[in-house]
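Undergrad: All chains, please: the whole structure from these sequences, using the hints.
2 protein chains.
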Amino acid sequence: MKALLVVAHGSRREASNEEVRRLCERIRNEDGVEFDLVEAAFLELAQPLIPEGIGRCIAEGASEVVVMPYFLSAGRHVSEDIPAEVEKARRLHPQAAIHLAPYLGAADAVAKVIVNLTGGWTDGNTHE
Amino acid sequence: MKALLVVAHGSRREASNEEVRRLCERIRNEDGVEFDLVEAAFLELAQPLIPEGIGRCIAEGASEVVVMPYFLSAGRHVSEDIPAEVEKARRLHPQAAIHLAPYLGAADAVAKVIVNLTGGWTDGNTHE
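Chains as they are written, first to last, in the working numbering: chain A, 1 to 128; chain B, 129 to 256.
Just so you know, these hints were derived from the structure itself, not from any lab. Because the structure is a prediction, the values reported are computed rather than measured. Misleading hints may appear alongside valid ones.
With a straight-line Cα cutoff of 16 Å, these simulated EDC-like cross-link-like pairs (lysine to aspartate or glutamate) come out [said to hold, decoys possible]: (1) B:K240 to A:E34; (2) A:K112 to B:E153; (3) B:K240 to A:D108; (4) A:K112 to B:E180; (5) B:K240 to A:E52; (6) A:K88 to A:E52; (7) A:K112 to B:E172; (8) A:K112 to B:E158; (9) B:K240 to A:D31; (10) B:K216 to B:E180; (11) A:K112 to B:D159; (12) B:K240 to A:E25.
Pair by pair, the computed Cβ-Cβ distance ranges are [as the list claims (entries may be wrong)]: (13) A:P94 to B:L173: 25 to 33 Å; (14) B:D164 to A:S63: 33 to 41 Å; (15) A:M1 to B:A234: 50 to 58 Å; (16) A:S63 to B:R219: 55 to 63 Å; (17) A:G32 to B:E215: 28 to 36 Å; (18) B:R218 to A:M1: 51 to 59 Å; (19) B:P222 to A:G32: 29 to 37 Å.
Every residue gets a Cβ at the ideal spot worked out from N, C-alpha and C, and that includes glycine.
TA: Given below as structure tokens:
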């Protein structure tokens with residue numbers, strides 16, 4: 001059983017955390033998704049934190065957990081904090097394979113998403 | 129002439145700001161992009177700030193500027209700070225049409241990007 005854990009920064013504004021949980025719901029419903037579980041976790045300020053998120057996936061039966069940083073740039077959180085949490089989780093759950101995927105901003109496809117998102121906002125197409 | 133201004137938060141870490149500028153370069157090279165200019169600007173901590181970024185696009189000949197918040201959640205920056213900057217720019221440049229596009233996290237396509245980004249990280253496909 002395979003789990004995807006989408007890790008966002010976490011916000012004091014609960015609506016922002018809810019956006020991440022709704023994104024996970026949308027990922028679950030995507031065609032071609034190969035994960036049995038898709039869950040949200042947070043680096044700080046919201047629940048579950050990363051260790052708890054990984055632990056829950058494993059408790060629900062995942063033998064593989066892919067951790068994906070839902071971040072746009074490779075700052076300290078992406079380059080140090082999240083890898084450190086993943087490393088701790090690997091030691092705690094040696095029976096599971098815990099992988100660290102690239103952060104969202106590293107995806108080439110983001111450029112295409114922006115082209116599609118903004119194209120309709122010019123000319124007579126303004127949606128405001 | 130149409131310009132796209134990709135507005136990121138801005139970081140003290142210059143490499144993060146450079147990532148946004150490189151993304152703009154990639155957007156320029158996407159098929160089907162309908163903008164003559166694609167530039168980066170920042171809400172704070174990096175140059176150019178939003179007013180200067182919009183002003184530059186117009187100085188280079190843009191009659192339309194689409195401002196796209198490069199953010200993942202609809203916090204205060206997306207819901208208040210960037211719209212306020214756009215409103216100020218509209219008063220300053222009444223001859224230009226300045227549009228505010230949705231923020232990146234609002235794009236449905238982000239779920240598909242994550243499916244594609246993470247799919248290869250399971251099984252024997254691990255890239256670590």
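Undergrad: Please go over all the hints and tell whether each is borne out by the structure.
TA: Each hint tested on the structure:
At roughly 12 Å between alpha-carbon atoms, K240 (chain B) and E34 (chain A) fall within 16 Å of each other, so this suggested pair holds. Note on K112 (chain A) and E153 (chain B): the hinted pairing holds, with a Cα-Cα distance of about 12 Å set against a maximum of 16 Å. For the hint linking K240 (chain B) to D108 (chain A), the alpha-carbon distance of about 13 Å falls within 16 Å, and the restraint holds. A C-alpha spacing of about 26 Å is found between K112 (chain A) and E180 (chain B), which places the hinted pair above 16 Å, so the restraint is violated.
For the given pair, K240 (chain B) sits about 26 Å from E52 (chain A) by alpha-carbon distance, which is inconsistent with the 16 Å threshold. Straight-line distance between C-alpha atoms of K88 (chain A) and E52 (chain A) comes to about 12 Å, which keeps the hinted pair within the 16 Å bound. Simply put, K112 (chain A) and E172 (chain B) have alpha-carbon atoms about 25 Å apart, too far for the 16 Å limit, and the pair is violated. Proposed proximity of K112 (chain A) and E158 (chain B) is supported: the alpha carbons are some 7 Å apart, at most 16 Å.
Restraint check for K240 (chain B) and D31 (chain A): the C-alpha separation of about 8 Å stays at or below 16 Å, so the hint holds. Among the hinted pairs, K216 (chain B) with E180 (chain B) is consistent with the structure: their alpha-carbon atoms are about 12 Å apart, no more than 16 Å. Between K112 (chain A) and D159 (chain B) the CA atoms are separated by roughly 8 Å; this keeps the pair inside 16 Å, and the hint holds. The suggested pairing of K240 (chain B) with E25 (chain A) holds, with an alpha-carbon distance near 12 Å, which does not exceed 16 Å.
Here the CB-CB span from P94 (chain A) to L173 (chain B) is close to 41 Å, at odds with the stated 25 to 33 Å. Distance hint check: the CB atoms of D164 (chain B) and S63 (chain A) are about 51 Å apart, inconsistent with the given range 33 to 41 Å. Between M1 (chain A) and A234 (chain B) the beta carbon distance is about 31 Å. The supplied range of 50 to 58 Å is therefore violated. Our hint of 55 to 63 Å for S63 (chain A) and R219 (chain B) holds, since their Cβ atoms are close to 58 Å apart.
Here the CB-CB span from G32 (chain A) to E215 (chain B) is close to 41 Å, at odds with the stated 28 to 36 Å. A beta carbon spacing of about 52 Å between R218 (chain B) and M1 (chain A) agrees with the range 51 to 59 Å that was offered as a hint. With their beta carbons about 48 Å apart, P222 (chain B) and G32 (chain A) fall outside the hinted range of 29 to 37 Å.
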